[in-house]
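**Student:** Protein chains in written order, with my numbering: chain D, 21 to 375; chain Y, 21 to 375.
Treat the hints with caution; some may be incorrect.
Given that identical chains are not distinguished, each listed pair holds provided it fits within a single copy or across any two copies.
[As the list claims (entries may be wrong)] Below, in silico cross-link-like pairs of lysine-lysine (PhoX-like), each with a Cα-Cα straight-line distance of 25 Å or less: (1) K94 x K58; (2) K343 x K58; (3) K365 x K349; (4) K308 x K344; (5) K58 x K349; (6) K300 x K343; (7) K343 x K308; (8) K300 x K58.
Derived from the structure by calculation, the hints contain no laboratory data.
Number of protein chains: 2
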Amino acid sequence: MNELVRRCLEGDVRAVARFITHLENGDRAAFAALYRLKDHAGNAQVVGITGPPGAGKSTLADKLIAEFRKMRKKVGVLAVDPSSPFSGGAILGDRLRMQGHATDPGVFIRSLASRGSLGGISSATHAAIRVLDAAGYDIVLVETVGVGQSEVDIVRVADTVVLVSVPGLGDDIQVIKAGIMEIGDIFVVNKADRDGADKVVREIRVMLETQAQLRAGNAPAGGPDTLVAREPDMLHHAGLVPRTAGTEAALPPVLKTIAETGEGVPQVAQAILTHFEEWKNSGALAQKRLDSISWQLRQFVQHEISIILEQPGPAGTTQELAKKVLARKTDIYSAGLALLHEVFKEGAAHESTQA
Amino acid sequence: MNELVRRCLEGDVRAVARFITHLENGDRAAFAALYRLKDHAGNAQVVGITGPPGAGKSTLADKLIAEFRKMRKKVGVLAVDPSSPFSGGAILGDRLRMQGHATDPGVFIRSLASRGSLGGISSATHAAIRVLDAAGYDIVLVETVGVGQSEVDIVRVADTVVLVSVPGLGDDIQVIKAGIMEIGDIFVVNKADRDGADKVVREIRVMLETQAQLRAGNAPAGGPDTLVAREPDMLHHAGLVPRTAGTEAALPPVLKTIAETGEGVPQVAQAILTHFEEWKNSGALAQKRLDSISWQLRQFVQHEISIILEQPGPAGTTQELAKKVLARKTDIYSAGLALLHEVFKEGAAHESTQA
Numbered sequence: 021m022n023e024l025v026r027r028c029l030e031g032d033v034r035a036v037a038r039f040i041t042h043l044e045n046g047d048r049a050a051f052a053a054l055y056r057l058k059d060h061a062g063n064a065q066v067v068g069i070t071g072p073p074g075a076g077k078s079t080l081a082d083k084l085i086a087e088f089r090k091m092r093k094k095v096g097v098l099a100v101d102p103s104s105p106f107s108g109g110a111i112l113g114d115r116l117r118m119q120g121h122a123t124d125p126g127v128f129i130r131s132l133a134s135r136g137s138l139g140g141i142s143s144a145t146h147a148a149i150r151v152l153d154a155a156g157y158d159i160v161l162v163e164t165v166g167v168g169q170s171e172v173d174i175v176r177v178a179d180t181v182v183l184v185s186v187p188g189l190g191d192d193i194q195v196i197k198a199g200i201m202e203i204g205d206i207f208v209v210n211k212a213d214r215d216g217a218d219k220v221v222r223e224i225r226v227m228l229e230t231q232a233q234l235r236a237g238n239a240p241a242g243g244p245d246t247l248v249a250r251e252p253d254m255l256h257h258a259g260l261v262p263r264t265a266g267t268e269a270a271l272p273p274v275l276k277t278i279a280e281t282g283e284g285v286p287q288v289a290q291a292i293l294t295h296f297e298e299w300k301n302s303g304a305l306a307q308k309r310l311d312s313i314s315w316q317l318r319q320f321v322q323h324e325i326s327i328i329l330e331q332p333g334p335a336g337t338t339q340e341l342a343k344k345v346l347a348r349k350t351d352i353y354s355a356g357l358a359l360l361h362e363v364f365k366e367g368a369a370h371e372s373t374q375a
Numbered sequence: 021m022n023e024l025v026r027r028c029l030e031g032d033v034r035a036v037a038r039f040i041t042h043l044e045n046g047d048r049a050a051f052a053a054l055y056r057l058k059d060h061a062g063n064a065q066v067v068g069i070t071g072p073p074g075a076g077k078s079t080l081a082d083k084l085i086a087e088f089r090k091m092r093k094k095v096g097v098l099a100v101d102p103s104s105p106f107s108g109g110a111i112l113g114d115r116l117r118m119q120g121h122a123t124d125p126g127v128f129i130r131s132l133a134s135r136g137s138l139g140g141i142s143s144a145t146h147a148a149i150r151v152l153d154a155a156g157y158d159i160v161l162v163e164t165v166g167v168g169q170s171e172v173d174i175v176r177v178a179d180t181v182v183l184v185s186v187p188g189l190g191d192d193i194q195v196i197k198a199g200i201m202e203i204g205d206i207f208v209v210n211k212a213d214r215d216g217a218d219k220v221v222r223e224i225r226v227m228l229e230t231q232a233q234l235r236a237g238n239a240p241a242g243g244p245d246t247l248v249a250r251e252p253d254m255l256h257h258a259g260l261v262p263r264t265a266g267t268e269a270a271l272p273p274v275l276k277t278i279a280e281t282g283e284g285v286p287q288v289a290q291a292i293l294t295h296f297e298e299w300k301n302s303g304a305l306a307q308k309r310l311d312s313i314s315w316q317l318r319q320f321v322q323h324e325i326s327i328i329l330e331q332p333g334p335a336g337t338t339q340e341l342a343k344k345v346l347a348r349k350t351d352i353y354s355a356g357l358a359l360l361h362e363v364f365k366e367g368a369a370h371e372s373t374q375a
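Take these sequences, add in the hints, and give me the full structure.
**Tutor:** The structure is reproduced here in structure tokens:
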């Protein structure tokens with residue numbers, strides 16, 4: 021690992037790829053080696069790109085890479101696929117689209133599966149971001165496919181979240197999108213040559229204004245947005261508010277693009293860089309990163325617990341308890357408490373062997 | 021709680037609603053009271069209905085309720101919204117569509133938010149299913165909105181999974197759907213009067229046949245499905261195989277519906293009942309439920325850990341460690357191990373006060 025870490029810090033692309041593979045395989049030595057990257061952490065701007073399937077996220081990412089390359093910035097791309105328990109299948113096509121950059125040493129592209137029952141963004145993804153950061157990539161684009169947990173998770177990972185939508189996806193998707201409006205720092209309406217693009221832009225603006233009013237305490241009586249107002253603690257807990265520095269902050273930009281032709285993409289690239297600068301200067305970035313690290317620490321613990329649950333002892337207990345529940349000798353809740361007891365016992369035993 | 025449990029077992033609709041509200045609020049006494057339902061567990065057929073946004077799942081559920089009511093079966097419906105951190109917003113419209121059954125005492129309809137960082141199906145949802153089961157509902161429909169973790173989770177909850185698709189949702193969604201094909205027991209192509217319905221039916225059949233060949237060990241060389249073949253352990257771990265009893269089992273039915281008019285819905289209702297009977301008779305149902313209970317027990321433990329992480333001690337430690345990571349005094353992995361240690365300490369302390 022020593023050699024691999026050294027070569028990563030020098031920006032060796034193959035070393036970076038190998039390091040990330042170790043992380044994806046859950047190699048403990050690789051995770052432990054992250055310690056040696058810590059002095060080189062926090063320089064990259066992490067940009068999340070998310071939105072519903074078919075919105076053109078990969079094409080936009082592809083064109084953004086080209087923009088950032090013009091500015092001589094090194095760009096790393098991590099594509100996370102949370103919707104499939106099977107790695108690779110759904111995103112191979114997208115990766116192929118980006119292969120135009122395959123021979124450019126200033127661009128690193130990698131697909132990462134979202135594994136395990138936790139869904140969303142894996143600890144390997146977090147770690148891979150840190151590796152790219154330490155290896156000197158100026159921008160790390162994290163693209164998530166699909167609608168779901170990953171779209172909520174990405175806000176924990178990214179300094180800047182670009183939320184991509186598109187005209188004509190139907191009401192259902194638009195409504196679901198409403199639920200994740202809070203996470204966007206920059207809004208992009210792609211395929212803007214399609215009918216209804218201006219309508220989508222207007223809808224997003226209205227929603228952003230309503231949310232800003234809600235945050236300022238001027239909640240309108242009634243209307244669908246009062247549902248959001250009902251659970252401010254949940255919003256806060258999810259790290260979704262405040263997304264802007266200070267109450268006087270302007271609304272996030274809403275930009276139109278035609279990613280296929282590149283139209284509007286330079287403006288998105290500029291908005292991404294501007295957002296980072298503003299956040300850094302206001303001090304909001306440090307707070308955001310602090311929240312993100314706290315969340316990652318909690319995720320780490322949950323991941324470790326899932327590993328303990330697969331150890332022979334707890335796994336056997338789980339089987340026995342399940343049989344008792346099925347035979348109506350106990351119930352799920354009582355059995356769950358018994359399993360929790362076993363996990364603590366296993367954890368304590370593990371701690372004492374390490375002490 | 022005693023009185024509430026008694027009235028639930030008598031099938032009192034308002035008691036059922038109140039019990040579920042307690043569960044949603046994380047009321048420990050309500051979870052503990054599940055013990056008293058255990059002698060009345062396992063009678064209901066739990067049916068998951070899932071698929072991409074806009075596929076018409078709610079309309080189909082609505083028409084299925086009517087079919088089951090004709091057979092004098094009591095029907096409970098739980099609608100889970102995993103895509104939004106905000107409860108209610110995205111699904112109110114759907115719930116309103118089903119209000120035709122609001123005055124029928126044999127139908128119980130309830131929306132449940134999917135909360136917390138785990139995403140997918142919450143322990144409150146599991147518990148609510150058990151309450152409806154014990155209260156004498158013959159069929160419990162669990163409908164999930166969106167593409168993501170909930171679609172993978174539903175297979176752990178449901179005895180029978182109905183996977184709804186629809187013509188014309190575009191390539192991206194179809195490809196993502198491919199990743200969750202394994203979870204379907206019954207496939208429905210809704211809005212079958214649209215162009216391309218027969219094509220979707222054919223595509224699903226081809227995919228099911230390919231998967232059956234893969235399971236039988238006749239994997240074709242190359243082709244996109246070899247990606248699935250690469251990780252059989254993952255399929256098994258996810259409880260996704262085997263989905264059918266015995267190797268000689270027929271392929272799952274692929275049915276066309278126009279839910280709006282009700283066309284094809286009686287056939288779906290019949291397929292749901294047939295699937296349950298076949299599974300029960302083959303013994304596969306018991307194994308499936310055993311796997312589901314094991315998974316729920318692991319989920320329970322993860323949920324308890326997330327509660328411990330929010331206690332003052334661990335929450336304070338998380339904050340301190342995050343500050344050290346941000347200041348580059350330590351790294352995420354080392355800090356994560358320290359937090360895990362704190363969680364075990366907290367767990368052990370909790371155990372000893374209970375002993």
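**Student:** Enumerate the violated hints, using their earlier numbering and listing them in ascending order.
**Tutor:** none
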